[in-house]
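Visitor: Here the protein sequences come in this chain order: U and G.
The opening position of the first sequence corresponds to residue 456 in the numbering used here, with each subsequent residue numbered one higher.
The opening position of the second sequence corresponds to residue 21 in the numbering used here, with each subsequent residue numbered one higher.
Some clues are possibly wrong.
[Claimed, not checked] Residues of chain U placed beyond 10 Å of chain G at every Cβ, according to the derived structure:
#1 493
#2 497
#3 603
#4 680
#5 724
[Unchecked claim] Reference excerpt, derived from the structure (chain G facing chain U, CB under 10 Å, subset only):
#6 73
#7 103
#8 139
#9 144
#10 176
#11 331
Rather than coming from a laboratory, the hints here were simulated on the basis of the structure.
Glycine included, C-beta positions come from ideal geometry on N, C-alpha and C.
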Amino acid sequence: MSLPRARPPRLPGLQSSEPVNPRALAIWVAAVLLLSLASEDPVFRILTLGAALSVLLTRRRSGVRLRPALVAVALASVLTVLLNFLLSHSGSTVLLELPGWLPALGGQLTLEGAAYGADLALGLAACFAAGICLSLVVEPYQLVDSLPGPLSRTAAALGAAMTLVPRLGHSFLSVREAQQMRGWRAKGIRSWAAVVVPAVLTTIEGSVLLAEAMEARAFGSGRRSALATARWSVADHLIAATSLLTICGFVAGLATGQLPGWQPYPLLSAPALSWWPSLCCLLLFAPAVLG
Amino acid sequence: MSAVAEFQEFSFRYPEADQDSLHLINLQLGWGLTLVTGPSGSGKSTLLRSLNGLVPHFHGGRASGGAWVLGHDLRRTSTRQLAREVALVFQEPETQFVLATVEREVAFGPENLGLPQAEIRQRVASALGGMGIQELGSRRIANLSGGQRQRVALAAALAMRPRLLVLDEPTSQLDGEGAEALRRQCQELADSGLAVVIAEHRPWRVDAVGSASVQLRRGSVAQDESRLQRPVPKSPRPGPAFGPLRWELSQVSIGHEQPVAVGIDLGCRQGEVLCLTGPNGSGKSTLLRTAAGLLRPLSGSVSRLPGRIAYLPQEPGGVLHQATLLDEVRQTCRWLKLDCSPWPILEDFQLTQLATADPRDLSTGQRQRAALAAVLVGEPELVFLDEPTRGADPASRQQLLQVVGRLARGGSAVLVATSDTEFAGQIGDSVHELAGGSLRRRAEVAA
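Can you make the complete structure from the sequences, with help from the hints?
Guide: As structure tokens, then:
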């Protein structure tokens, strides 16, 4: 059996040493989500995705690995483009035509379908990247601490839930390793059941045990307190202020109908450029710039 | 109040189980230290879970008879309320962590009690100090060894300052120093008038002056309350003739990104049993995985003769996924194209009665034996076992001794990483200690 390669050292120097306040980050995430979903204009979506990626690159916690998250975002994006391209069958610029007897796929595949899929993928990627910031930029316990007292039980449950994905990843790797040593080899999709089933079962069992352990440690028995409370720096205030400004600007645009939209159908056209929503998007780079 | 807990004709059956896990228990637990012993699957964990109300409130199932803990009627008091006075550390500490870093994890219980920030800080520091892990406070739990995690779980329970502390197999992964720290803590708590109940397969590790003991068998309190004795080290084998080297590490540095130990020279010959001991977090599992070929060394060379490898990971539950234990062993035979019957290995580990049981319904100790049977079926040439006695009762340890002895006599080269120094003394032809970043031979038992 060949030995696995040692993991290459992580990129130094990009991640921030100054933690961002979780509440400020949560407001920023809300702004990214709003901008990504409120308008279908690809210019805004490119800018918000750029802002989310720049925050991930510059403000992620020391030692966390970005690659798995970025690969997941890229895969989801490619799948979105592909699905819309294959299934929309709308638009004027025909690139390919599949036989009509193919269920769902049969028909014209258009440039407009691919363009709209790419636009959707940009929005999706921006939302994913912003969500990932919540787990890679701040510690789960910082999020727990940042929620107000009445929501402390929800916050603790949220903190526990955020450890579920890393647990599943760890479980998957250790089960795969153990099964390989028992002679298992990947041969087609069905063979992966020997790894996926025990990994998922182990994670589910772990979740039940975790719930049991939380109960056994008096979780939910009364009002919670916290070991530490998050501090607000000047930069955190600026991040929160710019994010709120962005949210207000976009909400005003939505309310007055001045927010430009974009539709590639029936014939692909360039998106309109509007200076003030673009400026709002640029404000989302604040956490990266202020880091 | 004379008794910490009292059970009168108490029975409990898990949902969908066909027999009681606890059957007509009549028992009084007093203040001070109480040891609960008994074979795997005898109901120890269920009894311990009943002390804070997880049985029956969390698990459902059917309870009958009377049970009182610290004056509370168990059947009418919720776990959340009992948890303010009773702290429980589970058998598998890695499953009970809620938060990602050590300090926050230890603070989780006191936070749930709504204590002021200053007191939480003081309790966290005191609990970490009590378990000798002050330096781990800012570390991420995911990066700790099994033994270090066990200490964190214990610290988290101590930080609750309970009136009753319940520990399920607390030393299963602890090194000697950790077990001694725990024994001291328990003795201090017992001396200060609190109650400590410990289920332990190696009671001599936590035994304290004046402790009481309860022995369970098949869900009932057994009459025989004789204490288990510390096992004697292995006597020298009469001139075993080891074969050629099956694998060898030469000037190897081990670790994931940073080296945890350097300049390691170690080899295992055909028919030899090597044991690897050392403090928690010293890199035993990393060295074992490097020798098994699961991890590339940071420097140096690893050579291995070809042959079938059997590997038991530290968390063995992960390998079990078939509907029955029999299928689980057969699966290994199928994957490795072994022409052998699953029954002898099931017999070796006394699992024939459980052959049709779902491996995930078994107790921790039974599951460990099931995983051992699943990986050791056939005649593997190279055997790597990571903490194989975790959760094992004396009978299971004896079975494992016999199986490993048989494999070694058949020519297998065996490496066992364990914090169970008694077991290492019983099974190893030589014992090596990994500590402070280097490896040294601690004892050579064989001639």
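Visitor: For each hint, tell me whether it holds in the structure or not.
Guide: Going through the hints against the structure:
No beta-carbon of chain G comes within 10 Å of the beta-carbon of residue 493(U); the shortest separation is about 33 Å. No beta-carbon of chain G comes within 10 Å of the beta-carbon of residue 497(U); the shortest separation is about 37 Å. The claim that residue 603(U) lies off the interface holds: its Cβ sits roughly 15 Å from the closest Cβ of chain G, which is beyond the 10 Å cut-off. Against chain G, the non-interface label of residue 680(U) is violated: not every CB pair exceeds 10 Å, the least being about 5 Å.
With a minimum CB-CB distance of about 48 Å to chain G, residue 724(U) clears the 10 Å threshold, and the non-interface call stands. With a cut of 10 Å, the hint placing residue 73(G) at the interface with chain U holds, because the nearest CB-to-CB distance is about 9 Å. Among the interface hints, the one on residue 103(G) holds; its C-beta lies about 4 Å from the nearest C-beta in chain U, closer than the 10 Å criterion. Annotation: interface hint on residue 139(G) holds; nearest CB of chain U at approximately 9 Å, less than 10 Å.
Here the hint on residue 144(G) is kept, as its CB sits about 7 Å from the closest CB of chain U, short of 10 Å. Interface restraint check for residue 176(G): the shortest CB-CB distance to chain U comes to about 7 Å, inside 10 Å, so the restraint holds. For residue 331(G), the suggested interface contact is upheld, since its CB lies about 4 Å from the closest CB of chain U, less than 10 Å.
In this structure, the one hint that does not hold is number 4.
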